[in-house]
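Student: Residue numbers for the sequence shown follow the numbering used here, beginning at 201 and rising by one.
Any given hint could be a false lead.
As the list claims (entries may be wrong) - Okay, derived cross-link-like pairs now, DSS-like style, lysine-lysine, Cα gap no bigger than 27 Å in a straight line:
#1 Lys367 x Lys532
#2 Lys596 x Lys547
#3 Lys428 x Lys460
Think of the hints as simulated: they come from the structure by calculation, not from any bench.
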Amino acid sequence: MKALLLGLSAFGLLIPNIAMAQSDSMMAVDTTHTPVLNDSLKNDSNTVLKEISTIPLFNTFYPLRINQESEWGMHVLGGFVLPHHSDMMALYRHIGGLGIRYRAAMKESNFSGNDFDKISHGYAFNFLNLGSRVAGYGIGISSMLMIQSRRHNYWLVGMGLGYLSQKFDALDNPRNVAIGSHYNGTMQLGYHWEFSHLLRVKTQCIREKISAAKYASLNSVPIRHVWKLNAELGLIHFSNANWRQPNFGINLPYLSFGIKRALVHSYYHLPNEFNKSGVQTTQIEDFDRVKVLGWKHPNTYQKRLPTHKNSFFIHTLGLRFGRRQIEIDQRKTFTNTIIEYMADRVKPFSTHQWRMGSVVFIDPSYPYTKFDQTKPLQNPKRPIDNLEIAIAGGRKWIFGDWGIITDIGLYLYRPNTTKRRYFEAIGISYQASPHIQIVGRLKIHLTTADYMEWGLGYTL
């Protein structure tokens, strides 16, 4: 009988919590005839409820989060120059270098998690000794996106500007046929591992040597930074996108090891078992409860971007220009024009957009014949001899006013088969105003760069 009363009393105490979730139109429960339990029975029922609350099904507490908001890191790297063309064997050497990197949480919500983000951004500086007088040294500065993978690892993609101390010169450096300019673009791809959080290792060693009394006081020590060890496997690429010949480009596979220092904070989302709310200074004891450190800016908790109920399309007209050379021994420069229409599909609660459209490229290099003075350089017999007509589609990721563009296209018409039937493109955009965006995009045919495009887009 006592067990039955305990069960009924526990169920009766749960009913008000269940009733709160019902609509306001439901009738209130009549409690005037509810029996009064004696003290011993109340204690027993509280014990039962306490045990029930430990069952995951009945536990409605929000977990504690420890998130990182920024970090600085330094790493040493080693690798080699990858000669992807037979004429580049003179550049094949082992390389070494030093990298400095800054990573920060997004200041805009990206819907990848209410209390943590899966995407962060940063900046990188690389100094590289390319191992020979022919290649010299390289410096790269780039902006990056980091996409979280598993617990503490991430994929990275970076784009920026680079400087190479040695370039091709017919008299002074004829063996460097990889690059024809000192100033170039640089790209970086890689996968990043975090091995351990040194704070946890240190505090565990301390706790094994101190008494229980000191252990309790240690738990309340505030922690604002965490030290971490890391490794990375990736590829760094230098290219001028045919701005000046030659332009085979320089590819540098690498492996790096480094150390980082991250700024952390704790976040308590009510209701929780600690009866705390909002952003708090992290305590050592918090690391006993949280095994995974996420990324989140303190000002973006519960923050939402403007939302809409239905999907719709954004229509954009683009005008861009490009510059390229195609021969190393006859330096003719061609200026290309790109006219584009794109429709981006915007979805509710999403920061990426699928896009599709059509592109017209005006490329005056098609009628060009090397050392043939009988053909006007940029005056074809028919206007269509300059045209490439294509359909294209891809994806755009948006981070505040910035965006990353990845497209693939198929030529419907091209004057001849000098280029492949398809092309790829990767670039960045900046929303300067509600209707104007600035776009920079690299057009590629498989592994061969065509040219870099710069221009504007107008949203209709």
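Student: All hints are to be evaluated individually against the structure, with a verdict given for each.
Tutor: Outcome of the hint check:
A C-alpha spacing of about 19 Å is found between Lys367 and Lys532, which places the hinted pair at or below 27 Å, so the restraint holds. Restraint check for Lys596 and Lys547: satisfied, since their Cα atoms lie roughly 12 Å apart, inside the 27 Å limit. The straight-line distance between the Cα atoms of Lys428 and Lys460 is roughly 5 Å, inside the 27 Å bound, and the hint therefore holds.
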